[in-house]
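Undergrad: Chains as they are written, first to last, in our numbering: chain A, 1 to 169; chain B, 1001 to 1452; chain C, 2001 to 2331.
It should be emphasised that the hints constitute simulated quantities derived from the structure, not laboratory data. As the structure is a computational prediction, the values presented were derived from the model and not from experiment. A few of these clues could be false.
Claimed, not checked - With a cut-off of at most 27 Å between alpha-carbon atoms, the simulated DSS-like pairs for lysine-lysine come out as follows:
id, chain 1, residue 1, chain 2, residue 2
1, C, Lys2276, B, Lys1039
2, C, Lys2227, B, Lys1039
3, C, Lys2002, B, Lys1039
4, C, Lys2039, B, Lys1039
5, C, Lys2049, B, Lys1303
6, C, Lys2200, B, Lys1039
7, A, Lys11, B, Lys1303
8, B, Lys1039, C, Lys2007
9, C, Lys2276, C, Lys2144
10, C, Lys2276, B, Lys1196
11, B, Lys1039, C, Lys2109
What the hints assert, rightly or not - Just the calculated beta-carbon pair ranges, DEER-fashion:
id, chain 1, residue 1, chain 2, residue 2, range
12, B, Tyr1295, C, Arg2283, 22 to 30 Å
13, A, Asp14, B, Ala1051, 55 to 63 Å
14, B, Tyr1286, A, Asp71, 29 to 37 Å
What the hints assert, rightly or not - Here are a few chain A residues that sit away from chain B, every Cβ distance over 12 Å (derived from the structure):
id, residue
15, Asn73
16, Lys88
17, Leu121
18, Gly129
Glycine included, each C-beta is placed from N, C-alpha and C at the ideal position.
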Amino acid sequence: MLSRLETWINKISDACGVIASILFVLLLFNIFYDVVARYLFSQVSIGMQEMEWHLFAAMFLLAIPYTIRTDGNVRVDLIYEGRSDRGKALINLFGTLVLLLPFVLLIAWFGIDFAYQAFDLGEGSGDPGGLPHRWIIKAVIPLSFFMMALAGVAVVIRSLKVLKQGDNS
Amino acid sequence: MMEYIGVIMFFVALAALLLGYPVAFTFGGVALIFVLIAKFPELAELMDEGASTGEIVSEAFSTFAFMPYRIESIMQGTTLMAVPLFIFMGIVLQKTRLAAQLLEAMGRLFGSVPGGLAVSTILVGTLLAASTGVVGASVVAMGLISLPVMLKYQYDKSLACGVICASGTLGQIIPPSIVLIILGDVLGIPVGDLFKAAVGPSLVLVGLYVAYVLFRTWRNPQDAPPMPRENDGTSKAAYIWEALKAIIPPLLLILIVLGSIFAGIATPTESSALGGVGALVLALLYGQLNLRILYDSSQETVKITAMVFAILLGATAFSMAFSYTGGDAIVEELLHGLPGGKMGFLIMSMLVILVLGFFIDFVEISFIIVPILYPVAEAMGIAPVWFAILVAMNLQSSFLTPPFGFALFYLKGVAPDSIATTDIYKGVVPFIVIQVAVVLSILFFPAWYGLL
Amino acid sequence: DKVYRLKLAETWGPNFPIFGDSTKNMAAMANKMSNGRLKITVDSSNKHKSPLGIFDMVKAGQYDMGHSASYYWKGKDINTLFFTTMPFGMTTPEQYAWFYHGGGMELMKEAYDKHGILSFPGGNTGNQMGGWFRKEINTVEDLKGLKMRIPGFAGEIMAKLGASPTNIPSGELYTSLERNTIDALEWVGPSLDLRMGFHKIAPYYYTGWHEPATELQFMINQKKWNKLPEDLQEILRVAMRTAAYDMYIQSYHESAVNWETMLTDFPNIKVKTFPKPVMDAMRAANDELIIERAKSSPLAQKIVDSQAAYLKKARVWTNISDRAYLDSLDN
Ligand code: NA
Ligand code: NA
């Protein structure tokens, strides 16, 4: 049951990674296009320019749950590296429950109202030719932080499994 | 007690980091806990006034309602957009073996003079550094290619390791550089100005590296013996031709990135995208490009980017807590009270950054420590670009300082088993000394570098 | 006596000249006049990190007050566009007269009511300059393809005439202009432009047309306002109004001083005014756009009509008083 939940969450986190990778390639060519259009053809589209930060923001936010899943985050591993699997699992369990989950869930929670306000006002860009529907990119905040929380739950399950195996042996 | 809560939080966070839980969420979680603690008196007051539980809970967490706004500012911070793009450039260069070809060709060309392999490693490191902005790629490439060659020809192990780590980290100070982009963002200085200002100091650094290797080779010839010329009938001209061919890609990229900025084709941020596309085009020309490489490079980029930005998110929560609990005011007062005025403050700052650099990496230092120091520097009338270059050059050391220097990890990861961790540690010491010397020279003689 | 603490967030960074003085001035006055019962702390953008989130933060009550500019919120609510300044619109004295005697305050209240915010004039920069250009603008044709950093409503006017408004982060403005990434930009006026160094790279400094009377704003969360006793409300109102006036005077002074310095230190700056055909074209584009914007809501229509009617009335007097006086000196 828990294992299935973990697998399911991991799939979601992986999907976040795939989306982020694609968004990055789009970002690369988006900027390239903007530079070429401006320099060679004197054409500037504020909408395309704004698309740059939309892609950039969605990319790094969605990449974080994926990085949690692949354990790619920076640690100070002076003590951590020398621990047994059990010790590492304990640190991860404690850290995720006390540090990660409260932090990301709270931001996800406040992010909902943040995005809703933009939706409610029909907020768009204030600049000529800018992008409408600002709520979409704002909604990436609650979405991505919720995904981080999910990825955190998978870490909790994995750590519990390691700890349980330790008990059996 | 309550007024020092911010300061206490700072040390608790440093202690918590040692546990080894990811830095980003350690900062975020500790910030949340301390914001709650700091709210206690206010909450008690509310309770006395007979507020409902709901009101008390929402007041307790209210500070974090600012987080989406702070995150939005990061999302719109187009300066930092250059970070993933320069990372991507470095990864493509590495994946397509363009960096490797350059290393091999230069090694063959200069290897036959004493110390030649080490010097050509430094030169290649400089070239790669000027065409991209990341550390990992160069250290790994050199560790895989230069190190075995140097070991084969009886180079001193620690010299070989030191040279690779030091030249592999040059990418962080020679523009374009991620450290400079981040500092530009944190300090609100145009990135272009920082790039320009960093050229002089980083060339001095490279010069001193080379001078050190030559000096050491002269004193202890057995540390860096010449590589016997292979008798495969290849002429010297052929070696030169090959080296020239291999040097074209990085030179082209340097031209694209810096050239596009100075020709007004692109802003510094945009130039990073031109460099990324340029790297792809080169890969295509050298027959190395396919969809797999594009996707893999993008995925790796995204992972490293997430690492940096997760720390930025944790750091913004932390600095929010730090300032709302009054920690910044106390630190400011403390720093203003230092004896020795400007110089006293700068020396203190440099010491703090150097020492912290042993334990945490440049991202945390840039996002957490520098914003605490900078308002004081500003108030004292210290030139922002000078301050930034001092910090950047100092942070350069953090890549090399044991036990947590990034470069050390990367090299250990790819080095053959005959290399002990102590070889690497011993090897970087002279280079750290050189870096500290350069920091001191910038500190006391900024005019040499045109920084005042 | 009960002490009321208000937290104010401003769009500007710490030590931002003139704009930042206005909030500090207001907070100090309110404190003194209330004998310490009103304590207003000012958070600059380095503290809250959200220069353009002020509206939302005051609306949500995370901050009690804000200091910003109303036209920044036009993407959230088009009705807020009109309370800063309008291209070809009123001058500063005309606009203050409209606010306090021509129904402006009532219309601003109506616009901000539905967000639970009260908005007050927050200090005026006076007429802003039209910007720095690397090439001379002689005909409307010269605007075609002109890459210019000019945000907001004025940018839309330029776009209508064939220019390409371009977003450039402020940190990259200088390099972009220097390297011809963009051809022109507008910033504020002599008091703030000179420190950016634009005069070193763009020889033409055009006089203004798009922001004749930029008025900042103080915002207060309505619920918080209602909790204040009546005397403190009045003290706050007076402090804001006085701070706004003080800022206008300070801007005027600093602009005059800076202009003088500019002329002596940088005699090569060529001060230009757009030729009449260009001004006419911009004005026509402006009128069209305003008609379009007015259609977006009944309130917007009401505001536009009110401003147009007041401008017509006030300008006759301006012409007879100030303009006639100045002209008569030239004769
Ligand atoms: Na570099
Ligand atoms: Na280190």
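Undergrad: Test the statement that Lys88(A) is away from the interface with chain B: the closest C-beta pair must be farther apart than 12 Å.
TA: violated, 8 Å
Undergrad: Against chain B, does Leu121(A) hold up as non-interface, every C-beta pair farther apart than 12 Å?
TA: holds, 15 Å
Undergrad: Since Gly129(A) was said not to touch the interface, does its Cβ keep a gap of more than 12 Å from each Cβ of chain B?
TA: For Gly129(A), whose nearest Cβ neighbour in chain B is about 17 Å away, the distance exceeds 12 Å, so it holds.
Undergrad: Over 12 Å from every CB of chain B: does Asn73(A) meet that, or does the non-interface label fail?
TA: The claim breaks: Asn73(A) does not keep its Cβ more than 12 Å from every Cβ of chain B (closest is about 4 Å).
Undergrad: Given the proposed pairing of Lys11(A) with Lys1303(B), does the C-alpha separation stay at or below 27 Å?
TA: Judged against 27 Å, a Cα distance of about 16 Å means the pair holds.
Undergrad: Does the alpha-carbon distance linking Lys2002(C) and Lys1039(B) stay inside the 27 Å limit?
TA: holds, 21 Å
Undergrad: Could one say that the CB atoms of Tyr1295(B) and Arg2283(C) fall in the range 22 to 30 Å?
TA: This hint is violated: roughly 53 Å between Cβ atoms.
Undergrad: Regarding the pair Lys2200(C) and Lys1039(B), is the alpha-carbon distance no greater than 27 Å?
TA: violated, 51 Å
Undergrad: Has the given pair, Lys2227(C) with Lys1039(B), been kept, meaning a C-alpha gap of at most 27 Å?
TA: holds, 22 Å
Undergrad: Next pair to validate is Lys2276(C) with Lys1039(B); report whether the Cα-Cα distance is within 27 Å.
TA: violated, 62 Å
Undergrad: Given the hint that Lys2276(C) pairs with Lys1196(B), does the C-alpha gap stay at or below 27 Å?
TA: Violated, because 42 Å separates the two Cα atoms, which is more than 27 Å.
Undergrad: Is the distance from the Cβ of Asp14(A) to the Cβ of Ala1051(B) consistent with 55 to 63 Å?
TA: Since the Cβ atoms of Asp14(A) and Ala1051(B) sit about 45 Å apart, the hinted range of 55 to 63 Å is violated.
Hints 1, 6, 10, 11, 12, 13, 15 and 16 from the earlier list are contradicted by this structure; the remaining hints agree with it.
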